[in-house]
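S.K.: These protein sequence lines map, in sequence, to chains D and A.
Note that the working numbering has the first sequence beginning at 137, numbered continuously upward.
Note that the working numbering has the second sequence beginning at 137, numbered continuously upward.
In case anyone wonders, no lab produced these hints; they're calculated from the structure.
Hints may be right or wrong, so weigh each one.
Identical copies carry no separate label here, and so any pair may be met within one copy or between two of them.
[As the list claims (entries may be wrong)] Straight-line alpha carbon distances no greater than 27 Å define the calculated DSSO-like cross-link-like pairs of lysine-lysine that follow:
#1 K560 with K513
#2 K426 with K565
#3 K555 with K360
#4 K143 with K196
Protein chains: 2
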Amino acid sequence: MQLKPYKIKIKTGGPLVAVLHDDTAHEMDLHVGDRLRLKSDRSMITALLDVTRDNFPKRKIGLFAEAYEALNIEPDDVVEITAADKPPSLLFIRKKLDGLALNAAELNEIVRDIVHGDLSDVEMTYFVSGCYANGLSDDETAALTKAIVRNGKKLEFKGKIVADKHCIGGVPGNRVTPIVVAIVVASGVLMPKTSSRAITSPAGTADAVESICNVTINAHRLMKIAKSVGGFMVWGGGVDLAAADDRMIRIRNPMSLDPEGMLLASIMAKKHSVSANHVLIDIPVGPGVKIKDAAHAQHLKKRFLQIGKMLGMKVKVIITDGKQPIGNGIGPLLEMIDVMNVLKNEKNAPDDLRIKSIMESSILLELTGKARPGHGKKMAEHLLKSGHAWRKFQQIITAQGKKRIPKLAKFSKNVAAQKSGMVKAIENKSIAHLARIAGAPKDAAAGLFLHKKIGYRVKKGEALYTIYASSPDRLKYALEFAKNTGYKIK
Amino acid sequence: MQLKPYKIKIKTGGPLVAVLHDDTAHEMDLHVGDRLRLKSDRSMITALLDVTRDNFPKRKIGLFAEAYEALNIEPDDVVEITAADKPPSLLFIRKKLDGLALNAAELNEIVRDIVHGDLSDVEMTYFVSGCYANGLSDDETAALTKAIVRNGKKLEFKGKIVADKHCIGGVPGNRVTPIVVAIVVASGVLMPKTSSRAITSPAGTADAVESICNVTINAHRLMKIAKSVGGFMVWGGGVDLAAADDRMIRIRNPMSLDPEGMLLASIMAKKHSVSANHVLIDIPVGPGVKIKDAAHAQHLKKRFLQIGKMLGMKVKVIITDGKQPIGNGIGPLLEMIDVMNVLKNEKNAPDDLRIKSIMESSILLELTGKARPGHGKKMAEHLLKSGHAWRKFQQIITAQGKKRIPKLAKFSKNVAAQKSGMVKAIENKSIAHLARIAGAPKDAAAGLFLHKKIGYRVKKGEALYTIYASSPDRLKYALEFAKNTGYKIK
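Let the hints inform the model, and build the full structure from the sequences given.
M.R.: This is how it looks when you write it as structure tokens:
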């Protein structure tokens with residue numbers, strides 16, 4: 137059938153979508169979710185059908201922006217519509233939902249169709265559900281990782297030793313990455329670091345770094361920066377390295393669903409796609425973080441090591457203490473101030489952040505063979521104390537595009553201890569929530585500064601932390617929320 | 137934040153949806169799939185957020201038609217946007233995905249949110265996936281059935297005996313329903329029958345009946361028809377009886393996914409919502425139909441009986457022979473001609489269709505107590521032979537709005553046996569596919585007429601069946617497809 141096209145001036149950001157009036161679809165024996173082959177005089181595409189009841193012209197075909205453009209429509213064109221076959225990847229998704237294992241070719245087909253926009257949100261959701269409900273074996277996880285990398289952009293550093301790190305999040309203020317990058321790159325090891333933005337936390341590494349320099353840089357320029365200064369720290373979303381992964385995360389977010397194999401593949405694909413071959417994974421364990429107990433952490437550790445082996449990566453996994461925030465600042469800029477204080481060897485730099493950063497750097501220095509076994513710590517400390525790391529950090533942020541460091545949010549107030557005693561616990565989740573109420577990460581200069589950590593003695597009325605808020609309203613809400621939460625003193 | 141609204145002139149047909157530019161969403165710390173509380177001067181709604189990259193104005197909020205109308209927007213209005221909480225039903229969906237059982241209140245909450253459009257397609261897909269991967273117990277299935285009925289329209293026939301039937305499809309030409317309705321209603325038992333249209337078959341009961349009368353009738357008029365003539369046979373989709381079910385079917389279609397518990401609930405809810413309390417379920421078994429083996433049929437039978445008991449329905453389940461098509465006609469009008477030939481006691485009426493219809497009618501007559509045990513068959517035969525059923529049929533189609541019976545599709549050709557011998561098998565799937573190629577169900581007058589069934593002796597060159605096609609092209613394609621498929625002769 138031939139119909140006149142009708143442009144819907146919206147991008148779907150996903151698959152190509154066409155819309156028909158209910159009656160027109162019925163007449164053509166077509167249903168929601170069917171695939172259509174659409175032909176204009178200039179082009180041919182496959183699109184997914186959406187059907188609408190009223191408020192839409194009969195005898196016309198609606199085309200969302202991407203589909204309209206792909207068809208190269210010109211005035212007076214008509215579009216020839218025929219039913220198209222379903223892609224074989226749907227059979228493989230069904231297979232996974234039925235509890236059967238998928239091989240590498242099948243997983244690659246699914247991932248390729250996801251990247252090409254050939255699967256609808258509903259179909260992708262079935263894939264995520266199948267992986268969640270029935271799990272992914274090590275073989276499947278390694279194959280999924282490779283498929284994600286194969287169907288995305290890759291930064292190639294052939295024959296080079298490339299270091300990377302990842303932390304399974306949840307610990308507020310845990311901003312070791314910029315320090316580790318500075319130390320490792322200062323040692324001469326390549327570290328092309330991509331990071332994510334916050335979704336539910338007060339800051340991702342990309343948000344924090346963005347408070348002092350540009351983090352959205354294309355692949356071409358990244359290769360130049362890596363060549364000239366030996367590394368970078370940017371937002372992964374700006375490079376489109378693991379496009380399939382980004383689409384699957386979009387599907388996982390509404391339910392906060394993290395199918396284990398998919399989580400592993402997602403992390404490893406991001407390392408693989410920057411050609412990392414020496415990788416440190418940090419799994420913090422604690423009541424308020426993602427991984428709640430040691431047994432779960434051990435299980436994940438084993439899987440990371442196994443998948444790493446299958447991908448030909450040297451992987452080291454550490455299980456760390458996630459019971460309280462790390463550093464003093466919570467929020468993009470406040471965390472970067474901690475980072476710079478450590479790198480500049482300032483007296484008021486937070487000890488816990490410095491110690492964890494040196495520990496992680498030393499592991500990477502030894503793993504990459506830059507330091508002999510047992511000598512990583514000394515090398516890392518030297519690179520930090522001597523100012524080498526700080527100079528490398530300056531080179532990197534200058535290469536990325538340095539910004540003037542902003543001022544802290546101007547509405548601030550101390551929260552005081554309501555009794556004297558010792559700080560027994562700091563709730564990660566409440567602290568993170570409080571920093572978000574104050575305005576982080578949207579306002580990079582908002583957040584908290586923690587004066588007291590677990591084990592500190594405090595007197596009634598003494599400041600536990602300072603809230604920096606982006607507006608008087610936010611400060612008021614934060615102070616209200618702060619009343620009964622965050623710190624436990626005994 | 138306050139933004140100017142921007143109307144997107146398309147109905148989503150599902151949840152209320154709002155669209156923001158990527159940058160605006162980022163600035164407001166909002167993500168795809170988040171729920172927004174939107175306030176205009178006149179109204180307040182909750183909508184799901186979609187995010188788009190370009191081609192869309194920043195600092196405006198796009199509203200799909202339903203959301204725009206629900207907000208009652210007037211010129212110069214602005215919309216106040218705040219983040220809204222996720223509905224608790226998402227936690228229950230997650231629970232099901234995690235393999236845990238849901239109670240009646242939780243299932244009701246999910247179904248209510250589906251009907252109110254509070255869940256996105258992705259979220260509904262997670263529900264379907266959870267039910268598919270982890271199954272639904274009898275308790276859950278009965279609770280889901282009740283929830284679907286509670287959250288939809290219901291036709292109430294208080295205190296009345298109400299008969300209904302359902303066939304787990306897949307057998308082409310199996311058009312017993314209109315005959316059973318005519319016989320049962322002629323006996324004085326209420327039978328308010330709603331049926332579906334074809335999705336992948338050449339005709340659903342609703343398509344077949346629609347070839348000779350109107351089948352899209354609202355609930356109010358249906359109650360009047362039931363009162364005046366004792367029953368009807370209409371399209372279920374026109375009454376909106378099980379709205380949640382229709383939405384879930386939309387999600388299940390792209391993957392042809394039939395989670396067993398959901399399938400049972402879907403069928404039973406449709407019976408329950410017309411107040412049926414005496415129900416016959418037909419499970420055909422055969423190589424080319426939905427249920428392939430006797431063990432599966434027995435398992436389903438047991439579950440139907442159990443769920444029926446829990447819902448307070450008298451249920452009888454029969455397992456029938458589905459190895460070949462029933463009747464001679466395949467396609468809406470061709471099947472109705474068979475139906476009318478049986479009802480008019482014509483000599484050329486197909487025996488198998490008449491026998492199966494009498495069998496099913498007799499079961500319902502006995503189940504409802506209209507006939508004493510063992511006397512149903514005699515009563516059904518009498519109602520048919522005497523012309524009572526035919527007159528009742530005429531009353532029903534007149535009440536629904538009789539059409540002039542159309543002519544058969546004008547491009548027709550016989551397909552002849554390529555050798556002499558006995559018909560050993562007729563492939564249901566090929567026959568159905570062939571009828572669809574010929575134009576059914578879109579063209580109600582297209583399809584096949586089978587001259588020979590299993591066990592018939594044929595001579596080489598003798599007609600096996602006639603193809604009625606809606607165009608010369610379709611006839612050509614059908615003849616090509618017919619060459620190597622459909623009949624097995626030995």
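S.K.: Next, verify each hint and record whether it holds.
M.R.: Evaluated hints:
no.	hint	verdict
1	K560 with K513	neither (30 Å within a copy, 81 Å between copies)
2	K426 with K565	within (10 Å within a copy, 50 Å between copies)
3	K555 with K360	neither (56 Å within a copy, 75 Å between copies)
4	K143 with K196	both (10 Å within a copy, 20 Å between copies)
Checked against the numbered hints above, the structure breaks hints 1 and 3 and satisfies the rest.
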